[in-house]
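S.K.: Protein chains in written order, with the working numbering: chain Z, 581 to 798; chain E, 581 to 798; chain Y, 581 to 798; chain S, 581 to 798.
In short, the hints are calculated from the structure, not lab data. Fair warning: there could be bad hints in the mix.
Identical chains blur together in the list; that is why a pair holds if it fits in one copy or across any two.
[As the list claims (entries may be wrong)] BS3-like, lysine-lysine: derived pairs with alpha carbons at most 25 angstroms apart:
{"no.": "1", "residue 1": "Lys759", "residue 2": "Lys602"}
{"no.": "2", "residue 1": "Lys728", "residue 2": "Lys602"}
{"no.": "3", "residue 1": "Lys767", "residue 2": "Lys787"}
{"no.": "4", "residue 1": "Lys602", "residue 2": "Lys729"}
{"no.": "5", "residue 1": "Lys681", "residue 2": "Lys770"}
{"no.": "6", "residue 1": "Lys702", "residue 2": "Lys753"}
{"no.": "7", "residue 1": "Lys650", "residue 2": "Lys589"}
{"no.": "8", "residue 1": "Lys638", "residue 2": "Lys787"}
{"no.": "9", "residue 1": "Lys787", "residue 2": "Lys773"}
{"no.": "10", "residue 1": "Lys649", "residue 2": "Lys773"}
{"no.": "11", "residue 1": "Lys681", "residue 2": "Lys650"}
{"no.": "12", "residue 1": "Lys698", "residue 2": "Lys681"}
{"no.": "13", "residue 1": "Lys770", "residue 2": "Lys662"}
{"no.": "14", "residue 1": "Lys681", "residue 2": "Lys753"}
{"no.": "15", "residue 1": "Lys759", "residue 2": "Lys698"}
{"no.": "16", "residue 1": "Lys602", "residue 2": "Lys702"}
{"no.": "17", "residue 1": "Lys773", "residue 2": "Lys589"}
{"no.": "18", "residue 1": "Lys602", "residue 2": "Lys754"}
{"no.": "19", "residue 1": "Lys705", "residue 2": "Lys602"}
{"no.": "20", "residue 1": "Lys703", "residue 2": "Lys767"}
{"no.": "21", "residue 1": "Lys773", "residue 2": "Lys662"}
{"no.": "22", "residue 1": "Lys759", "residue 2": "Lys787"}
{"no.": "23", "residue 1": "Lys681", "residue 2": "Lys703"}
Number of protein chains: 4
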Amino acid sequence: MSKKNAREKLMQELLAPEYRLKCEYAIHIIEVKLEMLMEQFYVERGRPVISSITSRIKTVDSIERKLRKKNLPVDFATAEGKLSDLVGVRATCFFEDDIYKLAERLTAQEDVVLIREKDYMKKPKANGYQSLHLTVEVPIYTQEGCEKKRVEIQFRTVAMDFWAQLDYQLCYKKNIEEKTSRQIQEKLSKYAKEIAGIDRQMMRLRKQIDKLGTERDV
Amino acid sequence: MSKKNAREKLMQELLAPEYRLKCEYAIHIIEVKLEMLMEQFYVERGRPVISSITSRIKTVDSIERKLRKKNLPVDFATAEGKLSDLVGVRATCFFEDDIYKLAERLTAQEDVVLIREKDYMKKPKANGYQSLHLTVEVPIYTQEGCEKKRVEIQFRTVAMDFWAQLDYQLCYKKNIEEKTSRQIQEKLSKYAKEIAGIDRQMMRLRKQIDKLGTERDV
Amino acid sequence: MSKKNAREKLMQELLAPEYRLKCEYAIHIIEVKLEMLMEQFYVERGRPVISSITSRIKTVDSIERKLRKKNLPVDFATAEGKLSDLVGVRATCFFEDDIYKLAERLTAQEDVVLIREKDYMKKPKANGYQSLHLTVEVPIYTQEGCEKKRVEIQFRTVAMDFWAQLDYQLCYKKNIEEKTSRQIQEKLSKYAKEIAGIDRQMMRLRKQIDKLGTERDV
Amino acid sequence: MSKKNAREKLMQELLAPEYRLKCEYAIHIIEVKLEMLMEQFYVERGRPVISSITSRIKTVDSIERKLRKKNLPVDFATAEGKLSDLVGVRATCFFEDDIYKLAERLTAQEDVVLIREKDYMKKPKANGYQSLHLTVEVPIYTQEGCEKKRVEIQFRTVAMDFWAQLDYQLCYKKNIEEKTSRQIQEKLSKYAKEIAGIDRQMMRLRKQIDKLGTERDV
Numbered sequence: 581m582s583k584k585n586a587r588e589k590l591m592q593e594l595l596a597p598e599y600r601l602k603c604e605y606a607i608h609i610i611e612v613k614l615e616m617l618m619e620q621f622y623v624e625r626g627r628p629v630i631s632s633i634t635s636r637i638k639t640v641d642s643i644e645r646k647l648r649k650k651n652l653p654v655d656f657a658t659a660e661g662k663l664s665d666l667v668g669v670r671a672t673c674f675f676e677d678d679i680y681k682l683a684e685r686l687t688a689q690e691d692v693v694l695i696r697e698k699d700y701m702k703k704p705k706a707n708g709y710q711s712l713h714l715t716v717e718v719p720i721y722t723q724e725g726c727e728k729k730r731v732e733i734q735f736r737t738v739a740m741d742f743w744a745q746l747d748y749q750l751c752y753k754k755n756i757e758e759k760t761s762r763q764i765q766e767k768l769s770k771y772a773k774e775i776a777g778i779d780r781q782m783m784r785l786r787k788q789i790d791k792l793g794t795e796r797d798v
Numbered sequence: 581m582s583k584k585n586a587r588e589k590l591m592q593e594l595l596a597p598e599y600r601l602k603c604e605y606a607i608h609i610i611e612v613k614l615e616m617l618m619e620q621f622y623v624e625r626g627r628p629v630i631s632s633i634t635s636r637i638k639t640v641d642s643i644e645r646k647l648r649k650k651n652l653p654v655d656f657a658t659a660e661g662k663l664s665d666l667v668g669v670r671a672t673c674f675f676e677d678d679i680y681k682l683a684e685r686l687t688a689q690e691d692v693v694l695i696r697e698k699d700y701m702k703k704p705k706a707n708g709y710q711s712l713h714l715t716v717e718v719p720i721y722t723q724e725g726c727e728k729k730r731v732e733i734q735f736r737t738v739a740m741d742f743w744a745q746l747d748y749q750l751c752y753k754k755n756i757e758e759k760t761s762r763q764i765q766e767k768l769s770k771y772a773k774e775i776a777g778i779d780r781q782m783m784r785l786r787k788q789i790d791k792l793g794t795e796r797d798v
Numbered sequence: 581m582s583k584k585n586a587r588e589k590l591m592q593e594l595l596a597p598e599y600r601l602k603c604e605y606a607i608h609i610i611e612v613k614l615e616m617l618m619e620q621f622y623v624e625r626g627r628p629v630i631s632s633i634t635s636r637i638k639t640v641d642s643i644e645r646k647l648r649k650k651n652l653p654v655d656f657a658t659a660e661g662k663l664s665d666l667v668g669v670r671a672t673c674f675f676e677d678d679i680y681k682l683a684e685r686l687t688a689q690e691d692v693v694l695i696r697e698k699d700y701m702k703k704p705k706a707n708g709y710q711s712l713h714l715t716v717e718v719p720i721y722t723q724e725g726c727e728k729k730r731v732e733i734q735f736r737t738v739a740m741d742f743w744a745q746l747d748y749q750l751c752y753k754k755n756i757e758e759k760t761s762r763q764i765q766e767k768l769s770k771y772a773k774e775i776a777g778i779d780r781q782m783m784r785l786r787k788q789i790d791k792l793g794t795e796r797d798v
Numbered sequence: 581m582s583k584k585n586a587r588e589k590l591m592q593e594l595l596a597p598e599y600r601l602k603c604e605y606a607i608h609i610i611e612v613k614l615e616m617l618m619e620q621f622y623v624e625r626g627r628p629v630i631s632s633i634t635s636r637i638k639t640v641d642s643i644e645r646k647l648r649k650k651n652l653p654v655d656f657a658t659a660e661g662k663l664s665d666l667v668g669v670r671a672t673c674f675f676e677d678d679i680y681k682l683a684e685r686l687t688a689q690e691d692v693v694l695i696r697e698k699d700y701m702k703k704p705k706a707n708g709y710q711s712l713h714l715t716v717e718v719p720i721y722t723q724e725g726c727e728k729k730r731v732e733i734q735f736r737t738v739a740m741d742f743w744a745q746l747d748y749q750l751c752y753k754k755n756i757e758e759k760t761s762r763q764i765q766e767k768l769s770k771y772a773k774e775i776a777g778i779d780r781q782m783m784r785l786r787k788q789i790d791k792l793g794t795e796r797d798v
């Protein structure tokens, strides 16, 4: 099949309402679970742990690009089988320790099956990127029965999200001189480390403040 | 226990975050399912079937009143065991036939267990009230495991919802003379029948229009 | 200019962010005003008066069709000058008398200038359509200064909105036999009258119920 | 008047629907303006400038506390006359330079009158707090005429908002030892400076990346 035909066939299947409805269902399920955990944590800790929850269904363009980059055939079955981020949910949190607790409680739920975990907070990417990525499977019930759907959940701190904004801006610039690009990358990577450092300082201070609360009640 | 104490204990349990979070989770699950069905139907029929979805958790006052009216003990266990509408979701739809189709698809889903059905559309209440009430059970997953939660789903037409507005207004009037009250009730009951008649006429006309669509493609 | 070129130029201007942002601003202003009135009325009457508020910016297709139908040149200046419904807001209300009160209070506000009123409730269209259409102008403030923007506000009852749904469905059917079309139109027109009749009966009953409230306090 | 009576009278006036509706109207107006600016900036810069917009009406408790602290009489007229933050809107932005541009465009609008500006970004508070506070007046149109309403708008960066979260947590702790409190305050103040430093580094890098975009088009 020609490159153009492959793309068009893929597009047709990815834009079919049946596919999109299932993706949206999976997103809803994860969002509801995160919102409930957010409320539980608020009750337990007396402070908010999640700043915002966003989601997206991967676009046809982005899927095609990723398949070609990985030298994989450009078709729907390969996309569904090989790419784990067709459906994505992102939770931006205030502190790193809350992120691990949220991830733990979410994956402890019987209907959430953890498929893979990539911890870019413990081991940041070369460019400085820090997040916790979980690939999970949730059941989608329709009148035809039950189907498993994969979702990639990204957890990151507010500060890292701010950093990622800038990294994302840079990705969309083109024809940048090799030297300029390298120089900006180096700065971004350096600032990522500084931000992570402040995140950790702030978390330690928060723990100290948390403890004050407990002592007060004595 | 005194009447006041019983009420206070019930209130405490009903306002506990743990109880409310589970109620909200159940509401979310049903809402997501209805939204998904709404989108599926739109794709299949080319027209909206649900006008609006609302929900509520039954208030302490309303629970206490209902338990007393039924001569039941005023406590949390009795409320949970005997009242099936502690958690309620309402879908207001354009046509009666869509309501039955929605109810059918919803209860066909593996994780939705139909406990009871009261069809006040086929058999209206004495005052004229028409709705389809389903009591269902859905699983709530938390880190402690899986728990079943009951939800009452009310389906009604837009026209019947309009009627119910007025019926609801009347309920909140007090010290009405016996004669006036009876007279208004009679009118309400008469208009309910007229509205149901128009609903059915409109549905027949809609079916005729739907059919035109099919023929056009031939 | 060729028909295709005229359309493309029009499209370009209608999709320009500057145009759309001003339309959205005008919509927001009217929506906020309606929401505030809705709350005021609720406080005064103890019952909701508006069921829902929706809005839309007229599409390029729809604008082009309307200009051609009116034998007007297909360009941006003509659209802005001659069509008063480029920006539209619709308030669906429970009762006719509330609609007139809402319209009165809205147009009494200093920054809302009433340009034209078409009362299809008092004088329904031939097909049975009933609504109150107001064309108003509101000031849009940007850093460049103040600009007047026209908005068409449609008020209709819940029952008439239900009717309009069906009328709208019919519009999108094509190649219907003359006889069938006429027959359906006649039914629609007949049902519109019946719905308007019920609307009025219900309003009278509501007034009777309203009065009970007043007497109670004596 | 006794302390209790003064409080109750104030509460009555602050909870009156008329007062609250006007506050909400003013909030809506500012929110709509900020949303429009957010969209304009996105079109111009190809990147988001506002991360989130929130608002609040000052609570009775908070008003009473502030009046007593300032040794002012606890009544409605004094609150309205002397406190400029009864109605508050907060815009959390990614970068400091965008904040100044937003503030400039907002106050350039004819119907927004700037009453006072406090720039805690240029001159941070002793505890490290950094924000730009604008007190503005906007016209509120009702059927009774036009009234001026004061709103405090706070602009801050995402990073400073994260910092403020922790500062806020600390405020709600009680009976903390003098030494502990001072020590935490010092850390908070130090981190505020570090965060501001990173904010500025990131802004410089963003400007460098922005410039790349311009060059690309050449």
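S.K.: Indicate, hint by hint, whether the structure satisfies it.
M.R.: Against the structure, the hints come out as follows:
no.	hint	in the structure
1	Lys759 with Lys602	neither (45 angstroms within a copy, 43 angstroms between copies)
2	Lys728 with Lys602	both (10 angstroms within a copy, 24 angstroms between copies)
3	Lys767 with Lys787	between (30 angstroms within a copy, 13 angstroms between copies)
4	Lys602 with Lys729	both (8 angstroms within a copy, 24 angstroms between copies)
5	Lys681 with Lys770	neither (28 angstroms within a copy, 28 angstroms between copies)
6	Lys702 with Lys753	neither (29 angstroms within a copy, 32 angstroms between copies)
7	Lys650 with Lys589	within (19 angstroms within a copy, 42 angstroms between copies)
8	Lys638 with Lys787	neither (37 angstroms within a copy, 29 angstroms between copies)
9	Lys787 with Lys773	both (21 angstroms within a copy, 20 angstroms between copies)
10	Lys649 with Lys773	neither (29 angstroms within a copy, 43 angstroms between copies)
11	Lys681 with Lys650	neither (33 angstroms within a copy, 43 angstroms between copies)
12	Lys698 with Lys681	within (16 angstroms within a copy, 39 angstroms between copies)
13	Lys770 with Lys662	neither (33 angstroms within a copy, 47 angstroms between copies)
14	Lys681 with Lys753	between (37 angstroms within a copy, 24 angstroms between copies)
15	Lys759 with Lys698	neither (31 angstroms within a copy, 42 angstroms between copies)
16	Lys602 with Lys702	neither (33 angstroms within a copy, 33 angstroms between copies)
17	Lys773 with Lys589	neither (43 angstroms within a copy, 50 angstroms between copies)
18	Lys602 with Lys754	neither (35 angstroms within a copy, 32 angstroms between copies)
19	Lys705 with Lys602	neither (31 angstroms within a copy, 38 angstroms between copies)
20	Lys703 with Lys767	within (19 angstroms within a copy, 27 angstroms between copies)
21	Lys773 with Lys662	neither (32 angstroms within a copy, 45 angstroms between copies)
22	Lys759 with Lys787	between (42 angstroms within a copy, 17 angstroms between copies)
23	Lys681 with Lys703	within (18 angstroms within a copy, 38 angstroms between copies)
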